[in-house]
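Asks: The primary structure of each chain is shown beneath.
Protein chains: 4
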Amino acid sequence: MEKEMKAVRLHAEWDPKPDFKLGFKDVDGCQTYLGSKVWRNPQIKIEQVPVPKPGPGQVLIQVKACGICGSDVHMAQADDDNYIWYPGLTGFPCTLGHELSGIVVEAAPDAYDKTTNRPFKGGEWVCAEEMLWCGSCKPCADGWPNHCERLDEIGFNVDGAFTDYLVLPDRCLWSLNSLRDRYPDEEVFKLGSMVEPTSVAYNAVVERGGGIRPGDDVVICGGGPVGLAACAVLKRQGAARVILSEPEAARAEIGRRLGADIIINPLEEDLTEKVLEYTNGMGASIYLEATGLPEVVYPAIEQAVWEGRTLNSTIVVVARADAKMPVTGEVLQVRRARIVGAQGHSGHGTFPRVIEAMASGMNMLPMITKEIRLDEVPENIVMLRTDRNECKITCIL
Amino acid sequence: MEKEMKAVRLHAEWDPKPDFKLGFKDVDGCQTYLGSKVWRNPQIKIEQVPVPKPGPGQVLIQVKACGICGSDVHMAQADDDNYIWYPGLTGFPCTLGHELSGIVVEAAPDAYDKTTNRPFKGGEWVCAEEMLWCGSCKPCADGWPNHCERLDEIGFNVDGAFTDYLVLPDRCLWSLNSLRDRYPDEEVFKLGSMVEPTSVAYNAVVERGGGIRPGDDVVICGGGPVGLAACAVLKRQGAARVILSEPEAARAEIGRRLGADIIINPLEEDLTEKVLEYTNGMGASIYLEATGLPEVVYPAIEQAVWEGRTLNSTIVVVARADAKMPVTGEVLQVRRARIVGAQGHSGHGTFPRVIEAMASGMNMLPMITKEIRLDEVPENIVMLRTDRNECKITCIL
Amino acid sequence: MEKEMKAVRLHAEWDPKPDFKLGFKDVDGCQTYLGSKVWRNPQIKIEQVPVPKPGPGQVLIQVKACGICGSDVHMAQADDDNYIWYPGLTGFPCTLGHELSGIVVEAAPDAYDKTTNRPFKGGEWVCAEEMLWCGSCKPCADGWPNHCERLDEIGFNVDGAFTDYLVLPDRCLWSLNSLRDRYPDEEVFKLGSMVEPTSVAYNAVVERGGGIRPGDDVVICGGGPVGLAACAVLKRQGAARVILSEPEAARAEIGRRLGADIIINPLEEDLTEKVLEYTNGMGASIYLEATGLPEVVYPAIEQAVWEGRTLNSTIVVVARADAKMPVTGEVLQVRRARIVGAQGHSGHGTFPRVIEAMASGMNMLPMITKEIRLDEVPENIVMLRTDRNECKITCIL
Amino acid sequence: MEKEMKAVRLHAEWDPKPDFKLGFKDVDGCQTYLGSKVWRNPQIKIEQVPVPKPGPGQVLIQVKACGICGSDVHMAQADDDNYIWYPGLTGFPCTLGHELSGIVVEAAPDAYDKTTNRPFKGGEWVCAEEMLWCGSCKPCADGWPNHCERLDEIGFNVDGAFTDYLVLPDRCLWSLNSLRDRYPDEEVFKLGSMVEPTSVAYNAVVERGGGIRPGDDVVICGGGPVGLAACAVLKRQGAARVILSEPEAARAEIGRRLGADIIINPLEEDLTEKVLEYTNGMGASIYLEATGLPEVVYPAIEQAVWEGRTLNSTIVVVARADAKMPVTGEVLQVRRARIVGAQGHSGHGTFPRVIEAMASGMNMLPMITKEIRLDEVPENIVMLRTDRNECKITCIL
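Residue numbers (our numbering), protein chains in the order written: chain A, 1 to 397; chain B, 1 to 397; chain C, 1 to 397; chain D, 1 to 397.
The hints are simulated quantities; they were obtained by calculation from the structure and are not laboratory data.
Cβ atoms here follow ideal geometry from the backbone N, Cα and C, with glycine treated the same way.
Be aware that a few hints might be false.
[Stated by the list, open to error] Here are the computed lysine to aspartate or glutamate pairs in the EDC-like style, where the Cα-Cα straight-line distance is at most 20 angstroms:
1) K25/A x E4/C
2) K53/C x E4/C
3) K25/B x E307/A
4) K324/D x D110/C
[To be verified] Ranges of calculated distance between the beta carbons of each label pair, as one might list FRET restraints:
5) E277/C x Q62/D: 36 to 44 angstroms
6) G23/C x D185/A: 51 to 59 angstroms
7) G361/C x E253/B: 37 to 45 angstroms
8) P93/B x P56/D: 36 to 44 angstroms
9) G281/B x D185/A: 46 to 54 angstroms
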């Protein structure tokens, strides 16, 4: 008889808006790249589902920890017309949860542990990339898996980790082994669930932003999980001053524990003025836009670039937003500056480096402000629509 | 008795607007960083002036060719309140002309030819950077002379080359020797006068834009001297398709002679659509904004980046303009794209490489559409306020 | 009834030397990473074999052209103990041939054309990477497919292209479509078979060597196929002077047709001295070691770096050789130089760029000095053990 | 009457060996680029000399601290023929000492503080680059001041800092202001004297070696001042494991205090084996050769690169040595590795970043193992010919 397990699953109705057309990766009734144009009346349910079995190249993982992400909230949240907020790739019903760690239970014979280049034997402690890049399309072949043209995503159109077991392809798994020397077991799994969001920040500032050199100053706008993780990553890379702009005191305090040297409250202080004051008129090497309000934040960043004497600043835009940024080319010219966009976390050696950085002391646990059980996931996803106090809520299994 | 010579000099009256304050490099009555806020009633005159003498580290050059630049036009052009158009560093009266080539006549004993690392002996054929970077400030010490904090500029606040002789520091001179094998003498001097504007384009697309790899496609918006030179440089760097967007047929034709494979008339064709059509839906690796109308051009570029499948595109903004560009961060994120600003031409091995590229066949002479004598410089500077037919007008001495 | 076809296949006996141990990827009796330690008494045979069928993600290709590579020669050549010369990954019997072009005949429904990101329909003209990188191991995940830890190779341990049909995974195929506007059909297939060796050169000088900027000088040591292709690639990238060091006049002449400006005969001339003479004492930006005799060539390159005034030179070692190079650290210090190794051709956008460079005029046909039929492949592989006149011998099907 | 001061000065006799010829920068009887070929019978003397006066662009500095460098020892040390050991640029008699910090006493009106871009007023606390790059030669113009073709060097051919006052050009000075918030005054000057040697390490691993990403492992061979400083810099840049290979226990202990996580004793342990053990078979991202015995150390590094699975390793050679390294190109190919040489400390924003890194906690004081007075400098320079216990001996003034 088939084994069963509980899973937090999202259901919604396929009801495309009039202007929607099936796209390349869309499957009628099942899957779309434009979630908010199609899915209506989202409902989170805890259901009994069969424990899956690993196919070729796949691995069965027992989940040990899984964090709630903002996109989980937006998938389950309806707008005034009852369409879901989340605009991206989605295929429902789907088990949610993609910030996961766990233990390998069973593996196909051709499923390999990248860390050892040996087949999985079972018992390995791992975390997972959320992006199931195909490894065959032009971006993947060229080395840009974050821009895979045939992407699947765990917890969005492939069953995720708010459950006991899930099946994943070997290529998205990374060993947590090196964390075990420094941290007790339960912390290893919690840290493991933090690797994905930390890698988003690492990809943004180190891979896309080009990183810094020891002694540089940086400005992080926005103390959400990505901004906070960026504080830790850039402090680790040798920032002299990590300046975090964040109005919420609780968030700012987490930033401080993770590496922020200076906090600016942008509702009470002038960001440009304070950045210039703290940096002795120089400004910063990296500015990270992680607020989602680029139309508000960009002008202040640009002014700091303009008035500061630092050359070669990079403005990294990592938060997703529709709004236009009013960019003055002359500022980029006079200060030799640039603007880059960042998305994803895969490739470029990011996951293994984040794990090694954690293993050598970059402790991301301060980000986890609440631990819950599987049953509590739905209510916490709903609660996060309005809550601003919690940072990362993590389900422990 | 002191030797004299004729020089095309710009005079204007020091009459600062009310909001003007003397800045760091400004000298009351003489020099400012904000020309259009200070100088009134510009007048170009041909005057007799003494032949200068080289001081320590300096070289006396007999001018052989000097091109007219748009900034010459804007320095000599008054707005409705009779203030000059040109907004930058200026110190009047000043002999105009900075796109120059000539022959070394006399040199201080400590004035060295960078090409040979030997003292100048006289007789060397040279061209000059227009930017007299100081070599001592923080940007210069760090390797960014285009952002020198104590800059002087030939033909703006230091006497320039619309005359028979000028004195320049050795550090701004580059030998034209390697051109002499391929080109007749008179062409060497004309090409020499083209090194400066070509270097502005080279700095924009190769140094700041990061260049391309052979087989990439590029889009150049604007067929002014910088845009046209960029066509030649990028074709030289192996562009598969150089796409030039330029409405004027005569400019487009020069672009074609310099290396453009495809011309788009942006007044009659949709830039985005045509770029995607010519590149089989891929878009380009570099987009150069060289029109000065970024608010018009940027949205079309962004749309091509968004719809094209090319990753890692670089949008280089080289034309100076006040207007804001409405930038969508999501486009930079999804396409792994970036925006950079470019200014200047100095440093990074740019001048010597431009000369060697010319010496091995990158012939920029099609850009010179008119040759004039010194006496004709003033009227041609005036004529260029309205003329759109001429590309580069070059004074031959 | 199963369809059959003729194939040029290599047989050899599994007879490991005493010191051989089965390694990670080795399969007893079938496949090894250390060919010359295992395989004895190689024999090339023309045999009847079944036409293969594409499995999931695979494509059936009708071969139109396939070049003979030096490794084909070394796999079929025995040393004094009758072991094969070729030291690398091999699994016999195996159909030889990996420099191929052809037409898609049939494709699995999930086999995609990277160029269009659409499923193959049949009829597409394509070429193939020889390296079947796995897309899942750590190097592949990090973006370094040329260093795949679970590599297969066409014509080495996977059946190759000296036959009528072969089956390949979609991920290794690249469309030749863009060549069809410029070249007649039969030339498209010949050029298609040249994409792989040209990509080895492109990977070496552009990806690994960092490329050049227009106006730089380069030195290519060795006029084998990789060295010659590098002449074309670097001329395309804007080299002012491509200097080719090659003693054989016929090879040198091909180099000239492909882009070499200057030929040095290293048996009659002093390489260092001539390089310095031709570059006015500067030396070159890239030195490519493509002779396989680094112990002879490196000291001459190092001397040119030492005596030349060029900084930041890159010495790229692409030819495989056991011999040690005597490297003087001080030369790398004083000239800010570096040495890099290059292997492979996959990833980094290399294949599609090589195709686009050919499509826009980089014509590699001069490298093909002889065209043969399938029946003639074995005798030509044998002939190439001693022949030094032919450059690339290509089988036309 | 002229003010006088005591100075530690080196005298030697101009007695060129037979094969010596005056070179480009040599001045007969006074100065040479090849010290060990010319200077005989070196003698260190403490003499009375006039306090110098600053000329144009110059600054008079009161010395507060100055470290003894190995080159000070080698300049004052004679070989069996009584020629000095030091092989480089030298002009005697010359006041020694180039690792200096001090206070600006007087400045020419055109001498600027790079940190503020304002004229020096007097009273500024500063340190100095040792290299007086000219700012005008081709390497300086291109942005490579460490390879200046018209270099002068403080304490080698220009009077140095083992005295009360010295005159220096403004361009080589960097403010120590930012250190004053964190450290007591006397430590600021000691740290200031450490900026130069730390910058040599920073230039080697960050600028030339390309640095690391947080989570990478590194191997430092040699616990001299440069190797030890590299431990601190790379730990600061986020190294997971800094592995220091150094046989002397005292040096190793300093390394540990500066950031080394693991010590290997290369006289008792196998470097390759231990590196692979500590890195779980991966090897390191950067290997720094800082021993001066590359012929011994390189083979062990190469073996670690070969056997480790890390790709893209960089081997940085910073110690000066004549010996050849036996380099196997295949290792660089298979592991995508490279070798670079590093010299100097100027440019690239290195000095100001080292100061900011110190100001934010990178404390280099453990390197200073002995503090002395000016009178004691000569005997300590002599003592260091044989002593292996002291790391940095610093003269406090």
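Asks: Each hint: holds or not?
Replies: Evaluation of the provided hints:
1. K25/A x E4/C: violated (38 angstroms)
2. K53/C x E4/C: Measuring from Cα to Cα gives roughly 12 angstroms; hence the hint holds.
3. K25/B x E307/A: holds (16 angstroms)
4. K324/D x D110/C: With a Cα-Cα distance of about 54 angstroms, the restraint between K324/D and D110/C is violated, given a limit of 20 angstroms.
5. E277/C x Q62/D: 36 to 44 angstroms: violated (52 angstroms)
6. G23/C x D185/A: 51 to 59 angstroms: At 35 angstroms between Cβs, range violated.
7. G361/C x E253/B: 37 to 45 angstroms: violated (21 angstroms)
8. P93/B x P56/D: 36 to 44 angstroms: violated (27 angstroms)
9. G281/B x D185/A: 46 to 54 angstroms: holds (51 angstroms)
Checked against the numbered hints given earlier, the structure breaks hints 1, 4, 5, 6, 7 and 8 and satisfies all the rest.
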